[in-house]
Amino acid sequence: MTTDNVHEKALVRLDHARKSFGDNEVLKDISLSVHPGEVVAIIGPSGGGKSTLLRCCTLLERLDGGTLAFDDLVVASDEGGRAKYGSASVLKEAKSRFGLVFQNFNLFPHYTVMKNITDAPLHVQKRGKEEVFAEARALLAKMGLEGKEGMVPCELSGGQQQRVAIARALALNPDVLFFDEPTSALDPELTKEVLKVIRELAAERMTMVIVTHEMSFARDVADHIIFMDGGVIVEEGPASEVINHPQHNRTRAFLNNYEN
Amino acid sequence: MEFSTMMNLLMSGLFFTAQIFFTTLIGALPLGVVVALARMSSCKPLALVTRFYISVMRGTPLMLQLMALMFGPYYLLGLNMGNDWKYIACSVGFILNYAAYFAEIYRSGIQSIPRGQYEAAEVLGYSRGQTFMKIVLPQVVKRILPAMSNEIITLVKDTSLAFVLGIMEMFSQAKALAASQVSMVPYVIAGAIYWVLNLVIEVVLTRIEKRLNYYHD
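If you're matching them up, the sequences are chains B and G in order.
Using our numbering, read the first sequence as starting at 1 and increasing by one per residue.
Using our numbering, read the second sequence as starting at 1 and increasing by one per residue.
Quick caveat, the hints were computed from the structure, so don't treat them as lab data.
Some hints could be false.
To be verified - Below, a list of computed lysine to any residue pairs in the SDA-like style, where the Cα atoms sit at most 20 Å apart:
hint, chain 1, residue 1, chain 2, residue 2
1, B, Lys92, B, Gln103
2, G, Lys142, G, Tyr74
3, G, Lys142, G, Val33
4, G, Lys134, B, Glu236
5, G, Lys134, B, Val74
6, G, Lys142, G, Ser108
7, B, Lys115, G, Leu37
8, B, Lys115, G, Leu165
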């Protein structure tokens, strides 16, 4: 996570991002880049712009200004201070580069676990059936969900649902995986099983950007932590440094709310 | 008159009743989707025109709409539409009217699907068409089925309004028989047949509802 080293390959590169909702400026000149194998955690108080940042990165919201690129694919470029987005085909290509795991899972309730995972690879990426199903079964095993293929989401616990959602995102073979508070809808026990899966992905050097309120998890798993408040990056750096030795008062005040 | 003759006449009426019923469903079920989408369109004039159409269809009697279609061409344009026009006027009238009701039910269903479903589909790269057909529509069907059952049952009974166009559906037959035989029996039998038809529809729709109960959200 080095914004100064522009020549290094970055799977996600956001520069001078600005976003307002009406008069409310939610992102004020945010820059970040995520490198292969890196795990970035974004922490900070509610309303600080974390979720909006993630939604802009995943194209659910559009930037007002700034640039956004996935590796060599430029999604939004700067045109006279305004962000200009690429064509529909560029946006479609970009969506195959990343995955997003939601706070509320957002699984398709009418699809079985297997169909939730395989439908997009089959009908969006138009990949072969055998390959997709073999991969899906491997993902389910990895998520500890063997035997759940034929179940529908409402038959699963929240933790299991979130693991299906992670498998669904991974099934598209993204370069980078975004998580929007993946455990906020779960009780502590279910949180544990989801965090375990994310830890395993981190150990495999999966590139991830995680918005989270789990401070000890962020410290353990993330290479780099970004503390956001008031639409700006207040402080960032190596995980243990930001959590254990915060430099800014706002970071300290925020971290005091958590027991480490 | 023999009972069997009476039954034969009522059955020939039932044929037209069934024809109106199925024509209306075949026309209005898909047309309702188009109307619902137009009603929710971000194109303001289109949404407004559609709203007006729905308002008129729901706000005036179907019987009046049928009469307007039947005699409008003659009174307004001086056109003589011929003998079979009543069947066309009847089909068009029923389809336009029911499409408006179906559209509002579809709209309530579509708008009840959480935003997260659209966002998940978008992030996974589904096209707008795929999102609607694969993700939204199947969930909408489950949600609107009880409301649709209501409308479909009402439609069975509304077919009797074709009486005003001189179409000899079951109610018209029953009325003619009752007058000629000076008897309540034709009405009783017709009433029983309507009820049995709706009983069958109830059973079928309940079965579909049960089949869709393999999930909840």
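Results for each hint:
1. B/Lys92 - B/Gln103: 23 Å, violated
2. G/Lys142 - G/Tyr74: Distance ~44 Å between G/Lys142 and G/Tyr74 Cα, so the pair is violated.
3. G/Lys142 - G/Val33: Satisfied, since the Cα-Cα distance of roughly 15 Å is no more than 20 Å.
4. G/Lys134 - B/Glu236: Violated. G/Lys134 to B/Glu236 sits at ~42 Å, over the 20 Å cutoff.
5. G/Lys134 - B/Val74: Violated, at roughly 30 Å.
6. G/Lys142 - G/Ser108: 12 Å, holds
7. B/Lys115 - G/Leu37: Cα-Cα ~27 Å, so violated.
8. B/Lys115 - G/Leu165: Judged against 20 Å, a Cα distance of about 51 Å means the pair is violated.
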